[in-house]
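> With chain A held as given, fit chains B and C onto it using these hints.
Chains as they are written, first to last, in my numbering: chain A, 234 to 513; chain B, 234 to 513; chain C, 234 to 513.
To be clear, the hints were calculated from the coordinates, so they are not data collected in a lab. Mixed in with the good hints, there may be bad ones.
For chains that are exact copies, the list does not tell them apart, and a pair is met inside one copy or across any two.
[As the list claims (entries may be wrong)] Dumping the calculated DSBU-like pairs for lysine-lysine here, alpha-carbon to alpha-carbon at most 35 Å: (1) K439 to K478; (2) K481 to K380; (3) K498 to K474; (4) K510 to K301; (5) K445 to K396; (6) K455 to K509; (7) K455 to K498; (8) K478 to K266; (9) K380 to K482; (10) K455 to K510; (11) K482 to K439; (12) K301 to K509; (13) K474 to K257; (14) K301 to K474.
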Amino acid sequence: MLHSNLLRLVARGGPKRWMSTTTKLTSVEVNDKTGIATLTLNRPPVNSQNVQLLVDLQSSIGEIESNKSRGLILTSACSNVFSAGLDILEMYNTDEERLRTIWTELQNAWIALYGSSLPTAAAINGHAPAGGCLLATACEYRVMLPKRLIGLNETQLGIIAPKWLMSGFLNVLPQRVAERALTQGRLFTTEEALAEGLVDEIANTKEEALEKCAAFIGSFTKVNPLARSLTKLQFRAENIKEFEKIRKKDVEDFVALASRPEVQKGMGIYLENLKKKSKK
Amino acid sequence: MLHSNLLRLVARGGPKRWMSTTTKLTSVEVNDKTGIATLTLNRPPVNSQNVQLLVDLQSSIGEIESNKSRGLILTSACSNVFSAGLDILEMYNTDEERLRTIWTELQNAWIALYGSSLPTAAAINGHAPAGGCLLATACEYRVMLPKRLIGLNETQLGIIAPKWLMSGFLNVLPQRVAERALTQGRLFTTEEALAEGLVDEIANTKEEALEKCAAFIGSFTKVNPLARSLTKLQFRAENIKEFEKIRKKDVEDFVALASRPEVQKGMGIYLENLKKKSKK
Amino acid sequence: MLHSNLLRLVARGGPKRWMSTTTKLTSVEVNDKTGIATLTLNRPPVNSQNVQLLVDLQSSIGEIESNKSRGLILTSACSNVFSAGLDILEMYNTDEERLRTIWTELQNAWIALYGSSLPTAAAINGHAPAGGCLLATACEYRVMLPKRLIGLNETQLGIIAPKWLMSGFLNVLPQRVAERALTQGRLFTTEEALAEGLVDEIANTKEEALEKCAAFIGSFTKVNPLARSLTKLQFRAENIKEFEKIRKKDVEDFVALASRPEVQKGMGIYLENLKKKSKK
Numbered sequence: 234m235l236h237s238n239l240l241r242l243v244a245r246g247g248p249k250r251w252m253s254t255t256t257k258l259t260s261v262e263v264n265d266k267t268g269i270a271t272l273t274l275n276r277p278p279v280n281s282q283n284v285q286l287l288v289d290l291q292s293s294i295g296e297i298e299s300n301k302s303r304g305l306i307l308t309s310a311c312s313n314v315f316s317a318g319l320d321i322l323e324m325y326n327t328d329e330e331r332l333r334t335i336w337t338e339l340q341n342a343w344i345a346l347y348g349s350s351l352p353t354a355a356a357i358n359g360h361a362p363a364g365g366c367l368l369a370t371a372c373e374y375r376v377m378l379p380k381r382l383i384g385l386n387e388t389q390l391g392i393i394a395p396k397w398l399m400s401g402f403l404n405v406l407p408q409r410v411a412e413r414a415l416t417q418g419r420l421f422t423t424e425e426a427l428a429e430g431l432v433d434e435i436a437n438t439k440e441e442a443l444e445k446c447a448a449f450i451g452s453f454t455k456v457n458p459l460a461r462s463l464t465k466l467q468f469r470a471e472n473i474k475e476f477e478k479i480r481k482k483d484v485e486d487f488v489a490l491a492s493r494p495e496v497q498k499g500m501g502i503y504l505e506n507l508k509k510k511s512k513k
Numbered sequence: 234m235l236h237s238n239l240l241r242l243v244a245r246g247g248p249k250r251w252m253s254t255t256t257k258l259t260s261v262e263v264n265d266k267t268g269i270a271t272l273t274l275n276r277p278p279v280n281s282q283n284v285q286l287l288v289d290l291q292s293s294i295g296e297i298e299s300n301k302s303r304g305l306i307l308t309s310a311c312s313n314v315f316s317a318g319l320d321i322l323e324m325y326n327t328d329e330e331r332l333r334t335i336w337t338e339l340q341n342a343w344i345a346l347y348g349s350s351l352p353t354a355a356a357i358n359g360h361a362p363a364g365g366c367l368l369a370t371a372c373e374y375r376v377m378l379p380k381r382l383i384g385l386n387e388t389q390l391g392i393i394a395p396k397w398l399m400s401g402f403l404n405v406l407p408q409r410v411a412e413r414a415l416t417q418g419r420l421f422t423t424e425e426a427l428a429e430g431l432v433d434e435i436a437n438t439k440e441e442a443l444e445k446c447a448a449f450i451g452s453f454t455k456v457n458p459l460a461r462s463l464t465k466l467q468f469r470a471e472n473i474k475e476f477e478k479i480r481k482k483d484v485e486d487f488v489a490l491a492s493r494p495e496v497q498k499g500m501g502i503y504l505e506n507l508k509k510k511s512k513k
Numbered sequence: 234m235l236h237s238n239l240l241r242l243v244a245r246g247g248p249k250r251w252m253s254t255t256t257k258l259t260s261v262e263v264n265d266k267t268g269i270a271t272l273t274l275n276r277p278p279v280n281s282q283n284v285q286l287l288v289d290l291q292s293s294i295g296e297i298e299s300n301k302s303r304g305l306i307l308t309s310a311c312s313n314v315f316s317a318g319l320d321i322l323e324m325y326n327t328d329e330e331r332l333r334t335i336w337t338e339l340q341n342a343w344i345a346l347y348g349s350s351l352p353t354a355a356a357i358n359g360h361a362p363a364g365g366c367l368l369a370t371a372c373e374y375r376v377m378l379p380k381r382l383i384g385l386n387e388t389q390l391g392i393i394a395p396k397w398l399m400s401g402f403l404n405v406l407p408q409r410v411a412e413r414a415l416t417q418g419r420l421f422t423t424e425e426a427l428a429e430g431l432v433d434e435i436a437n438t439k440e441e442a443l444e445k446c447a448a449f450i451g452s453f454t455k456v457n458p459l460a461r462s463l464t465k466l467q468f469r470a471e472n473i474k475e476f477e478k479i480r481k482k483d484v485e486d487f488v489a490l491a492s493r494p495e496v497q498k499g500m501g502i503y504l505e506n507l508k509k510k511s512k513k
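Next up, chain A with everything else stripped away, as it sits in the complex (with noise of 0.2 Å):
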């Protein structure tokens, strides 16, 4: 695996190219200056991840990827939330396939943001539940606006988060509270997140939030890119092992869970609480 990395990593020369490019649902811009690239969720209100956002997503993480850009801030053109998660819109009231169709797509925006070889950091500028702290967690680096929520809720949906869906949560909390967090569903103010080590800093604007994630990457200027990839995938290759074991399986628990009546009747409960949190 080593050598075949080294390659990949090795291959991806070629001339700089900064540009700014916008797919259906996700931006990306390239900062000239430190060549940071800035990933956008753009699908408003609350960027909530259909198949759409999530093919999206993928999308910009590849071109970022390909671009020699220095690192990745994932970040939300939304006011108040990161992201809301799973669209359960998309998950309620629908067929197999499309369960089948929306997991797969998040597992792919998943390993594609976490196994990164570019540092990443996410730039939380509004709450983050569920698939939201997914992706969040999925990044090295967290800085968060006050006052927000964030956290994997999916207990509280009847939902079962899967060990590769923890993964980074895990990464990042003692397992004493991240057991804890995940049975009660518990999501964390930023102040919690902070003192729990789920988040890294806290920020009081999108603009400062930019900036210290920013200043995180600035962090590995004198780091050996290479190095600093291969040790990177080196801490999430065992978590990454497992879940391309399980993936396929995955899909198909998935499928059967969020099928279930029980399950369907969560989601709908949940969607009305949304509903009246976004009207306040």
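Okay, now just chains B and C, sitting in the frame of chain A:
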């Protein structure tokens, strides 16, 4: 495993029946209002874990799991001791068959508690060395009275705590702290235990400890119980699997070790010290 | 494994013989009163780990293990450096066979220290980057002088620290801290290291550091040494097993990597910087 678990959990229907029952050395009381069961260890003076207590404990856990309780609180009827751990008297100057039975029932009691699908909490109203700590750390939450002691002090007895016995301990402590504590056979004061995360809260009375445990179990009120159980088991599955692999060999290892003259001698010294302490 | 370990440990009898011995680049002194051996690295000016030092270190560890010492304290004879890590001079502009030998002896020295059944502590009386940090984190306890630096800064050299080399580091740091530090090639100040748990205590002089290490080793006085050893090894067994599986391939990976022109160039730059620093 997912499916058989699902079925087992789903099958657990039937009308609610709260009751208070007593085996020889444990008792179960279910709060009619909260639906939370309190399991009390009742073998004065120090809840030494002999075969009878371990068998009764399993039977009480099984009863609580089948009576649709909302959670389980483990506590002690003894005034100053949660549990002193394995009954060294039963292990001292005995035959191999007895040692085999003791260790097998300790394993059975542990896996029943550690692998329980219910929310579990320990109201540690007294000292909890060795097997006492084992039971406390098999639960999901710990509330302890001040100025008591808790820890896995096996090395002081010349016994090696096997991996499964450390599982709960390792789940709640950082590896650095755990390795040091286990090699030293360290007993933590309540205050030290809180600082390291070995216990979660301090309570001044047993009643207050029970209330705090009930509050913890109450934190799952809005959570889907099926998703909660599967999430918990997923967290503990690896340890359980490892345990199942070695459980038979582990019994034989224990019997061989506990039969050694120097270990028997260590037990003798420990029993002497215990006598002195209990006279204070 | 339990049994062969038991036998090996039990076999270690014979009359006590305290002595002070010196190999070419290390020395061993046993305190007659405490029975604790101090192993001093003595290759001025910075204890660069060349093949000779690594071989001598193994020989000294072996001697301490066989002379029934109660514990081992690792320290440095150099005034401001614990160990600067692998001797880059030996790795720079050399042949593959030499690279192979260097890495093999580094592996051998590490496993001798990491897997030692004795209580081990490091009196870190100076900077401990790279291989210096490796030796310090192979011990069970670390006391460090103020305002020194410690860490695995391999990525700054373009070298990838393999899993086994990180074992001790990962044993003492939370995963979040470890992944970031390793990708950044971060060197912690003594004070930062204490805050994160990378070192356990600060001492103002080398003598004080040695005393604190001796106090740590003294914490095992009441513990059964056989049980202590097996408990320690049980904790480290998984890392040791993983290491044994890959140790040969790991040597070849290192040789391939260290031979790469850009890595050789990185070493050249590092050597230049080191020269400048040492002139300050």
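> Each of the hints needs a verdict: does it hold here or not?
These are the hints, each one checked on the structure:
1. K439 to K478: Neither way: K439 and K478 sit 38 Å apart in one copy and 47 Å across, limit 35 Å.
2. K481 to K380: Intra 37 Å, inter 52 Å, cutoff 35 Å: neither.
3. K498 to K474: Result: close both inside a copy and across copies, 34 Å intra and 33 Å inter.
4. K510 to K301: between (41 Å within a copy, 33 Å between copies)
5. K445 to K396: So K445 and K396 pass the 35 Å test inside a copy (30 Å) and across (30 Å) alike.
6. K455 to K509: between (49 Å within a copy, 17 Å between copies)
7. K455 to K498: Answer is between; shortest inter-copy Cα gap is 14 Å, intra-copy 53 Å.
8. K478 to K266: neither (41 Å within a copy, 45 Å between copies)
9. K380 to K482: neither (38 Å within a copy, 50 Å between copies)
10. K455 to K510: Between copies only: 17 Å across, 46 Å inside.
11. K482 to K439: neither (39 Å within a copy, 47 Å between copies)
12. K301 to K509: This pair counts as between: shortest inter-copy Cα distance 33 Å, intra-copy 44 Å.
13. K474 to K257: Intra 31 Å, inter 45 Å, cutoff 35 Å: intra-copy only.
14. K301 to K474: Close inside one copy (26 Å), not across copies (38 Å); limit 35 Å.
Of the numbered hints listed earlier, those contradicted by the structure are 1, 2, 8, 9 and 11.
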